[in-house]
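As given, the protein sequences belong to chains A and B, one line each in that order.
Quick note on my numbering: the first sequence kicks off at 10 and runs consecutively.
Quick note on my numbering: the second sequence kicks off at 10 and runs consecutively.
It cannot be assumed that every hint is accurate.
Just so you know, same-sequence chains aren't split out, so a pair can sit in one copy or run between any two.
[What the hints assert, rightly or not] Below, a list of computed lysine to aspartate or glutamate pairs in the DMTMM-like style, where the Cα atoms sit at most 25 angstroms apart:
1. K56 with E150
2. K30 with E150
3. K56 with D93
4. K127 with E137
Quick caveat, the hints were computed from the structure, so don't treat them as lab data.
Protein chains: 2
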Amino acid sequence: MFKLYGMSGSGNCWKPAVLMKQLGIPFEWIEIDIQRGQSRTPAFLAKNANGKVPLLELDDGRTLAESNAMLCYLAEGSPLFPADRWQRAKILEWLFFEQYSHEPYIATVRFWVHFMHKQDEWRDKIAEAMKKGYAALGVMERRLQASAFLAGPDYSIADIALFAYTDVAYEGGYDLGDYPAVRAWLARVAALPRFERMT
Amino acid sequence: MFKLYGMSGSGNCWKPAVLMKQLGIPFEWIEIDIQRGQSRTPAFLAKNANGKVPLLELDDGRTLAESNAMLCYLAEGSPLFPADRWQRAKILEWLFFEQYSHEPYIATVRFWVHFMHKQDEWRDKIAEAMKKGYAALGVMERRLQASAFLAGPDYSIADIALFAYTDVAYEGGYDLGDYPAVRAWLARVAALPRFERMT
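Could you build all of it, start to finish, from the sequences and the hints given here?
Structure (structure tokens):
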């Protein structure tokens, strides 16, 4: 059985968990509190030199880091990561978009505001990051005005990756009022079978 | 024939170009000067709503953004992105590591220093970013002490992705003196057939 080392409340950690629940893959969740340094212990660094969660561990001890690499690995052979070469390319495009253009602004602002309570102290830094976060939401909005899901007409792991922090963006102060297609898509994804929002 | 929209001097744009040269895939390079706003024109935004290069265009007009998604797409069927599920997962792990933990600190500092000449004005910001850049180099060093290439004993697109900005990290002021395995790996990759360093 897979072991998933993760921290509750982390969208990156939620991604492989919700995917495994949807696909009916059993796994054991091992809580790692990064704020108490539990991802920086020698034992954990031996599993992931980058000292980050989530981390997926196989029965034989092999480990895989990077939430979006896990999505690809776990969804292999399922309709959520179809074999078609172009479809895969478009899914990967959204996965990389998420980690480069979305997560660093939307997840990070949520972390600063919701967990670190820096909304006043870091006002300028937050405003700067939010410009880029809204730009990422704009890219999603444009896409979702034309398509039911991000990578095409069908739900895929791209939707899981982008749902993670978009759904909780409001906790960082983001207002999705001007992003109706994004809001409709969040509702569409959340209504899928065996889909569980981050708690 | 593929069209590759890119900016000379950009490691992200260099990645798909060097891969296509190595695989013998013909393509046309179309220079886009992002500092003159050429990735933000209505015509370009119609091709990539995220307004970034590189952008790969197929004969039928379909487009693919995100350099690392291009590497996966273009290397499909080649030994640089083997079909084995675990091998792919480990390659993807490095590709996401590159975009999240490496590029934002190593490429960005290079951009600030080498292209924007902000080394004095942004001294503190640069020092802050370099801590994380050196941490990423440390993760690579540990891996490359044990393995000839990043994802295993064989060269893969993971090596192309990480070579891009590691090879020019010195232009941002990074010193690879304490990273002998990284330096040996750079030399090993650069010596591969049909490999062309960024000019």
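Right, here's what the structure says about each hint:
1. K56 with E150: Between copies only: 16 angstroms across, 38 angstroms inside.
2. K30 with E150: Intra 27 angstroms, inter 36 angstroms, cutoff 25 angstroms: neither.
3. K56 with D93: between (33 angstroms within a copy, 22 angstroms between copies)
4. K127 with E137: For K127 and E137, both the intra-copy (14 angstroms) and inter-copy (19 angstroms) Cα distances are at most 25 angstroms.
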